[in-house]
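Novice: For reference, the chains in residue letters:
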Amino acid sequence: MEFFVIIGVLVLLAIFIVGQYNRLVRLNISVDEAFAQIEVQLKRRADLIPNLVETVKGYASHEKSTFDAVVSARAKATSATGVADVAAADGMLTQALRGLLAVAEAYPDLKASTNFLALQEELSTTENKVAFARQFYNDNVRSLNEAVATIPTSFFAGLAKVSARPFYEVEDPQSREVPKVTF
Amino acid sequence: MASNFRSAQGANKRKTYFLLAAMGLLTWLVAYAALTYFGAGTTTFVVPLAVGIALVGVWGSYYGSDKLVLTMTGARVIQREDNPELFNLIEEVVIASGLPMPKVAIVEDSAPNAFATGRNPDHALIAFTTRILEVMDRDELQGVIAHEMSHVANRDTLVSAVAATTAGAIAILSDFLTRMMWFGGGRDRREGNGNPLLLVVSLAILILAPIAAMLLRSAISRRRESLADATAVSFTRNPAGLRRALETLAADSTVVRQKSNAVAHIWIESPLDGKAVSKMFATHPPIEERIETLRAMESLGPSQ
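Taken in order, these protein sequences are the chains called A and B.
Each residue of the first sequence is one higher than the last, beginning at 44 in our numbering.
Each residue of the second sequence is one higher than the last, beginning at 1223 in our numbering.
Source of the hints: derived by calculation from the structure; they are not laboratory data.
Mixed in with the good hints there might be a few duds.
Said to hold, decoys possible - If you only want the chain A side, here are some residues facing chain B, beta carbon under 8 Å, derived:
id	residue
1	T168
2	F179
3	N181
Claimed, not checked - If you want the footprint, here are the derived chain A segments under chain B, 3+ residues with CB under 8 Å:
id	segment
4	74-86
5	169-176
To be verified - If you want the ones that stay clear, here's a sample from chain B, every Cβ over 10 Å from chain A, calculated:
id	residue
6	S1229
7	A1262
8	K1289
9	N1310
10	E1330
11	T1387
12	I1429
13	I1513
Cβ coordinates follow ideal geometry from the N, Cα and C atoms, glycine included.
Next comes chain A alone, as it looks inside the complex (with noise of 0.2 Å):
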């Protein structure tokens, strides 16, 4: 009798440890699927570029300086890997292709091109897909994070080799900056 409840204690014990062993090990995996799909996005967004640019270079060919801009930035993007650097570069590019844009706006004609436009909306849906891929690698990490640091999973954390992983953090000049006033 006293045989059988070991054994119950016992199996119900491995159930328990297979359990959290697994879920740390699904939270990871789902951390690296998230990234991948960032990675995917901005691969996208490297691709609008160079169509972007020669739309516009064709109205307003003498804005050398940010075609430069937004050529070196997706440069620095497409070459980019892990997740700090890839943040950095992300950040950067989106600065870059915001001067672009800016630059658009001056000239009537290329804002009412229907090539201009349809990359406009293929550029703003893209944004938007890069934004919420990272939303939901940080929502993933946030969960793994959790499950590392609070009981009990954080016991099996060195078991499942799966440790805290950092978030993507990009850093954005135009949100930090003070907006000028001027008089």
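With chain A held as given, fit chain B onto it using these hints.
Specialist: Leaving out everything else, chain B in the frame of chain A:
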């Protein structure tokens, strides 16, 4: 009252469990009443029969919900080329939610509305009326899509199928038993259950149970709508979009032509006239209440 989307999601989920438990309790109560009134012989035959009929009836419509609803509402499935901008918006919410891409359908209708169905996220379908695509801007439509994708994420087709099965079984059971009472047949109660008070209580339970089941079913539907609003905010982090969308829906007095009670619960805004059905039987919470909840979430700022 100000609550962020996480606590709102938690509260609505807890209330759903509570309501489903109440539904289970009600079924048990009906079976018990039948047992007291008719005795064990009849009850062991009738209860499984009623549950079986309800299960067969609901299971079919649950399993084929994506196809069935298409024919019931006259929705037409569209591809990316038909409306790339709508697909862009849906893809955004798909990324935010981590769900697979659903099928997309259009209903030719002059009332702005939308719905989601399908037995699981892999068989999900979301549909929009032609009018809603005309009247809503990007942010509003994104809120509506997020609400519909929330129904998919929260498995609301399954929840409402469970509620419908239980309510259906109770209705069938009560119908059977009250009929049997008229004919006085099947009554093998001379087994020591002669307590007249108990018999009266059992009778009352048998007669009132279907109404109680309907009330519970409507209450579950309302909880799932509030939950979908909260989950939508967790996807877009933009309560203002959905709030403005609901305001547009509230201001619009046209309702979808197709008013079948059977599919009323799946639309984002109830197609049934608010005054015709009492608040207790409504499948949706009052739209003003939903707007207020979202407004409270907005006041918490973007990070909440």
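Novice: Evaluate each hint against the coordinates.
Specialist: Hint-by-hint comparison with the structure:
Taking 8 Å as the C-beta contact cut-off toward chain B, the hint placing T168 of chain A at the interface holds, the least distance being around 4 Å. The interface hint given for F179 of chain A is met, as the beta carbon of that residue sits about 6 Å from the closest beta carbon of chain B, less than 8 Å. A cut of 8 Å between beta carbons decides the hint on N181 of chain A: the least distance to chain B is about 11 Å, and the hint is violated. Coverage of a stretch by a chain is defined here by at least three residues with a beta carbon nearer than 8 Å to that chain's beta carbons; for the segment 74-86 of chain A and chain B the count is 3, and the condition holds.
Using a Cβ-Cβ cut-off of 8 Å, 4 residues of the segment 169-176 of chain A lie near chain B, which meets the minimum of three, so the contact claim holds. Residue-level check passed: S1229 of chain B sits 16 Å from the nearest beta carbon of chain A, beyond 10 Å. No beta-carbon of chain A is positioned within 10 Å of the beta-carbon of A1262 of chain B; the least distance is around 35 Å. With a minimum CB-CB distance of about 30 Å to chain A, K1289 of chain B clears the 10 Å threshold, and the non-interface call stands.
With a least beta-carbon separation of about 4 Å from chain A, N1310 of chain B fails to lie farther than 10 Å from that chain, contradicting its non-interface assignment. Under the 10 Å C-beta cut-off, the non-interface status given to E1330 of chain B relative to chain A holds; the minimum distance is some 25 Å. Every beta carbon of chain A lies more than 10 Å from that of T1387 of chain B, the smallest distance being close to 30 Å; the non-interface claim holds. The Cβ of I1429 of chain B sits about 46 Å from the closest Cβ of chain A, beyond the 10 Å cut-off, so the non-interface label holds.
Annotated as non-interface, I1513 of chain B keeps its C-beta farther than 10 Å from every C-beta of chain A; the closest such distance is 24 Å.
Checked against the numbered hints listed earlier, the structure breaks hints 3, 9; every other hint is satisfied.
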